[in-house]
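S.K.: Line by line, the protein sequences are chains A and B.
Every letter in the first sequence is one number past the one before it in the numbering used here, and letter 343, counting from 1, is 1356.
Every letter in the second sequence is one number past the one before it in the numbering used here, and letter 237, counting from 1, is 556.
Simulated from the structure, these hints should not be mistaken for lab results.
Wrong hints could be hidden among the right ones.
Stated by the list, open to error - Computed, partial: chain B to chain A, Cβ under 7 Å: (1) Ala-410; (2) Leu-629; (3) Ser-630.
As the list claims (entries may be wrong) - From the structure, some residues in chain B lie toward chain A, with a derived Cβ separation under 8 Å: (4) Ala-413; (5) Thr-414; (6) Met-593; (7) Met-631; (8) Arg-632; (9) Pro-633; (10) Thr-664; (11) Arg-666; (12) Met-668; (13) Ser-708.
What the hints assert, rightly or not - Far from chain B by the CB rule (all over 12 Å, computed), these chain A residues: (14) Gln-1148; (15) Ala-1151; (16) Asn-1230; (17) Pro-1292; (18) Gln-1359; (19) Thr-1410.
This structure is a prediction, so every number in the text was calculated from the model and none was measured.
C-beta: ideal position from N, C-alpha, C; glycine also.
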Amino acid sequence: MKHVALLACLAGCVEGISPGDAGLGRRVDIMRGPIVAVVPPITDFNGDVFVVTGTVDSAGSVEPGDVYMGRARGGWGVAQGSTGVGADGVGRGWIGAIEDRVWLWTRDKIVEYPANDIDALGHLRVFDRLDRDPQSGADLKFESVAPFIDRTISMDRALAIVTTATETRPFLITMDLGHGDFDINQARILGSMPIEGGMRALGAGNAGDCAVFLLANDTTAILLFVDANGIVGQGAVTGMPGAVRGEIGVSKDGTVAAVLADGSVLLGDRSAVRVVPPPIQVRGTVLDDDHNLWLTAIGPRLVPVAGGQLGVPLDWTSAAAADAAIQAGVDVVDERDNGRITLHWQAHNVLGDATLVSEQPSLPYEIGARGWLVGDAPINQGGILYSNVAFVPLGVTFP
Amino acid sequence: MKRALTTICLVAGTAHAGDPVKMQEMEAQEDKPAADAAKPKEKTAEEPKTPDDPSPVEVSGGQKPTIELSNGPTKARLFGSLGPAVGVTYAPTATDADRLRGGVEGSNAGLGLHAQIATLSGIAYVSVTAPQNDNSIVHLDRATLRWEPFKFLQLSAGHEPIPLDVQSATPMAAMMFPQALPWNGEFAPVAKAGAQVAGLHEYGSVWVGIWDGFAPDLAAEIIEERGLMGSARVEVTPLGKFDYDENVKNIPLRVGIGAGVTYRAATGYRGDGMANRRSRDLRAAGSVRVGWTALLVEVEVMRKQITDDLSMRPDVATGVYGQASYRIKLDTWQLVPLGRVGTYTIRQMSAPSQGSSAELGLGTIPWPSDRLRVMGLYQYIGDPQLGASHRGVLQARLSF
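With the hints as constraints, model all of the structure from the sequences given.
M.R.: Here it is as structure tokens:
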């Protein structure tokens, strides 16, 4: 029995990355710019890593990029230019992940990236979804897509607000995300509902059991809670909000918060929200592993949000320690040419505004760690900076 | 070559098929040696097992064979089972088309062969399950060669379930439930082949094995993973021998306290042969079983944790379940209520998600020989990702 107890102890003693530490990095590619992406990496349930790039140009605009996939078992694949072209081809955000695939949305289309579909040359197969209305053939524009996947035995569904060239009203649609088993011509919109009153989508979020959209016209705004079967709730909005930066955050206690384009904050609960000034300049929302809601700020700092109220800003010590850790040196695995070489980079942040701070929330890699992008010392070629970029899990806790 | 078949037993004839009276008579007789078949003998299903006539529970569930060939020290026994079933699944969160589905998914058939030459024996058991997505599934449960130089020592090699947990250690042919725990696959390791040493004693048993080809699920990947897996299971039976057999009846109080562990250190290789990843896979299980007369109760905890030096992202899962079955003897037939509940959490270190299952069934065994049983089972399966589904299954199983 002593051995059984020892075994039970060993079995319970798996440790992850310590707060403030950097895990093992994995080199993605050489990329242009001091900031190479604005959407943080996502990890599917099997541990495959997906990175969408989007260089910020000199005017501050994000350019379309590529999507890289690093398998949990090793090796990388790339889908070059898969997000699209022009301003509408910029990867806006991840819809979510399941066991072995993820979905990205741009204003032009939904793109599915399966982790198990990569050829010998490292090309990652992608499935474009719904760049046109399957019924009318009209060009679809995704105004907002909720980072929420409603899973059933039958299918995985997502919700979006779309507009078409032939219809002035936007539509709330429920779509079948598919599983790589049908092409764009067979993509399905499962249901659609016109949105009247000149309302337009300002942002979206994941409320845990449903999606949430912020809609507004010139005089009124509402918060709409929707699942794949229809509207499940509605919240009143006091004040006129602008567009949402990143995502609308909803905590486990029902607190709702979002950072708006003018820097103000939408704050409240599922029944009513209001526009308020933040105590400090904030960048976006993030949920911790326990589904508590926070606002992130450069520093790095955090503003707790609970009970429909903003708390006192706090120093985010583990994020600061993680930033120091990557600058002090991080081990990075270079898997080019089917090999495995471990390098040591004195790295720096190349994603968002600062390490773990961006408009889009950092996404969990494991409990207590978030996936992020870092770069090695940049090389100046003709006035353009290039860096080797790596995916790194960063150990982080919330105060 | 002169071959003398000293004994040939063929019991399940077609002449009496469909005649319950004749079938009962046949089954009452099939437990006797052929030479004594003509002598009147009290009909009983609880004949004591004699040491020189072991019933291999791995392929027959402890029943005597329908066909037995022997030639001196050489014996061959053939067993089979047919289990037609109908089932209905209701998935409330599914779309209209998938919400209510029926079919014969629970149907299966099994065929087992046991051959013995002195202390050397071979066992094979194959099952075929009903079509799913137009494809029937042929499952080789076990195909092993076993050498038993002493009564307390067995050495075996071949393909068989790794006895990490009670569900894996219980042979398919010896299950009272129509199927194993629905989510056992989340924890139970699978191997292509291996070798195992078993030390058997009245008051405890030990199994130690080494295995190859750990269910890699790498079909679509360009990475090959290699690594041997070691396994060990200890079962303490302080009140006497207690087999992994759900078909208990008329046994004195028996207790089995068991623990199992498997460990595999593997290396992943890229296409050019370079090693790129090392992983460690540890699985453990602890169980308590209690059997008394016709009651069997099992409780088990299972744990899985896989780590590797590339993703550095542990895959950890924990599950627990309990099951019970009881035979209520009513004259010559029996009623068998059975139930099993369990819960498990997957991806505990990355994206935790909880699943559960509950099964409640009632079976009847109309004849004393156990060769026919009809089982009705309700299953609730709470998938960690896809939501709940409810399933009703009615299965008849005829063993021969």
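S.K.: Determine for every hint whether it applies to the structure shown.
M.R.: Right, here's what the structure says about each hint:
no. : hint     : verdict
1   : Ala-410  : holds, 5 Å
2   : Leu-629  : holds, 6 Å
3   : Ser-630  : holds, 4 Å
4   : Ala-413  : holds, 4 Å
5   : Thr-414  : holds, 4 Å
6   : Met-593  : holds, 5 Å
7   : Met-631  : holds, 5 Å
8   : Arg-632  : holds, 5 Å
9   : Pro-633  : holds, 5 Å
10  : Thr-664  : violated, 12 Å
11  : Arg-666  : holds, 6 Å
12  : Met-668  : holds, 5 Å
13  : Ser-708  : holds, 6 Å
14  : Gln-1148 : holds, 19 Å
15  : Ala-1151 : holds, 25 Å
16  : Asn-1230 : holds, 34 Å
17  : Pro-1292 : holds, 32 Å
18  : Gln-1359 : holds, 20 Å
19  : Thr-1410 : holds, 15 Å
The structure shown violates just one earlier hint, number 10.
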